[in-house]
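Chemist: Generate coordinates for the entire structure from the input sequences, incorporating the hints supplied.
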Amino acid sequence: MPDQDNRRNPFDVFNTSRVSYTNSKEIHELSVVKIRRQHKCHCALPYVEDFQKVYLDYSNYTQQKVWEIIGGNVGNYYGINGPDGLQNSCAARISYGLNKSGKLIPEHPHADMNFSKKERYIVSAQRMNQYFKKIAGKPDYIVKTIDDFEKIKSSLDRTLGFIISDSFHIGFVSHSYQKESFHGNSPADIWFLPSIHCNCG
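In terms of numbering that gives the first Met the number 0, the sequence shown opens at residue 0 and continues consecutively.
It is possible that some hints are incorrect.
Unchecked claim - Quick list of in silico lysine-lysine cross-link-like pairs, PhoX-like style, CA-CA up to 20 Å: (1) K137 x K39; (2) K99 x K64; (3) K64 x K52; (4) K132 x K102; (5) K102 x K39.
To be verified - Simulated DEER-style distance windows between Cβ atoms: (6) S153 x Y76: 35 to 43 Å; (7) N198 x S166: 29 to 37 Å; (8) E149 x D56: 13 to 21 Å; (9) G84 x N198: 43 to 51 Å; (10) A43 x S166: 20 to 28 Å; (11) C40 x S185: 44 to 52 Å.
Simulated from the structure, these hints should not be mistaken for laboratory data.
Cβ coordinates follow ideal geometry from the N, Cα and C atoms, glycine included.
Modeler: Here it is as structure tokens:
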């Protein structure tokens, strides 16, 4: 039997800068061992297991429910009774996940302070993308097509997960969850969250 790591690498669709350049619809398998070698341990981010436990996913939490859970002045302002009505919650879901998994968003020019809970929230997908670049550095990958997103998604096991972010949306992807994560409308940055294989202390 050939070594699993010697099979064709689906990441061949990425150039040396890890930006995808193909529209191929063929999805190849990638061993878990190989994908672990393909990304850094971004220790400024929470462990994937901790983040997933608190992430307000789209399967169970509506936009309004997210703002109700966040509560305080932030929840009131961006919720259904706010001055501009119900606002998009994708970045707020990521903010909540970071805060509740122990990686509190610090004072930041684009973060709203939720005074009652003493937590900060970035509510713009574009601003959250900038925040991730500041704290985690260069993304692990940049995907341009749904097919190339699927190549990475199909390589995950239960210990792996990542944040995917473009100028209009940000979401979380794991082995079992990808709802409302990537629509292929524009190139998207991917950062893997630290897994149990990382030593982030």
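Chemist: Has the given pair, K64 with K52, been kept, meaning a C-alpha gap of at most 20 Å?
Modeler: Holds, at roughly 17 Å.
Chemist: Sort out whether K64 lies within 20 Å of K99, counting only the CA atoms.
Modeler: holds, 16 Å
Chemist: Falls inside 35 to 43 Å, the C-beta gap from S153 to Y76?
Modeler: Since S153 and Y76 have Cβ atoms about 39 Å apart, the given range 35 to 43 Å holds.
Chemist: For a C-alpha distance cap of 20 Å, please report whether K132 and K102 respect it.
Modeler: holds, 15 Å
Chemist: For the range 29 to 37 Å, tell me whether the beta carbons of N198 and S166 fit it or not.
Modeler: Holds - the Cβ-Cβ distance for N198 and S166, about 33 Å, lies within 29 to 37 Å.
Chemist: Using the Cβ atoms, figure out if E149 sits within 13 to 21 Å of D56.
Modeler: holds, 19 Å
Chemist: Given the hint that K102 pairs with K39, test it: the Cα-Cα distance must not exceed 20 Å.
Modeler: Distance ~18 Å between K102 and K39 Cα, so the pair holds.
Chemist: Would you check the hint for K137 and K39, treating anything up to 20 Å between C-alpha atoms as holding?
Modeler: holds, 10 Å
Chemist: Look at the Cβ atoms of A43 and S166 and judge whether their distance stays inside 20 to 28 Å.
Modeler: Because 22 Å falls inside the window, the suggested range holds.
Chemist: With 44 to 52 Å as the target window, see if C40 and S185 comply at their CB atoms.
Modeler: Given a distance of about 27 Å, which is not inside 44 to 52 Å, the answer is violated.
Chemist: Could you check the hint for me, namely that G84 and N198 are 43 to 51 Å apart, CB to CB?
Modeler: Hint holds: Cβ distance 45 Å, inside 43 to 51 Å.
The structure shown violates just one earlier hint, number 11.
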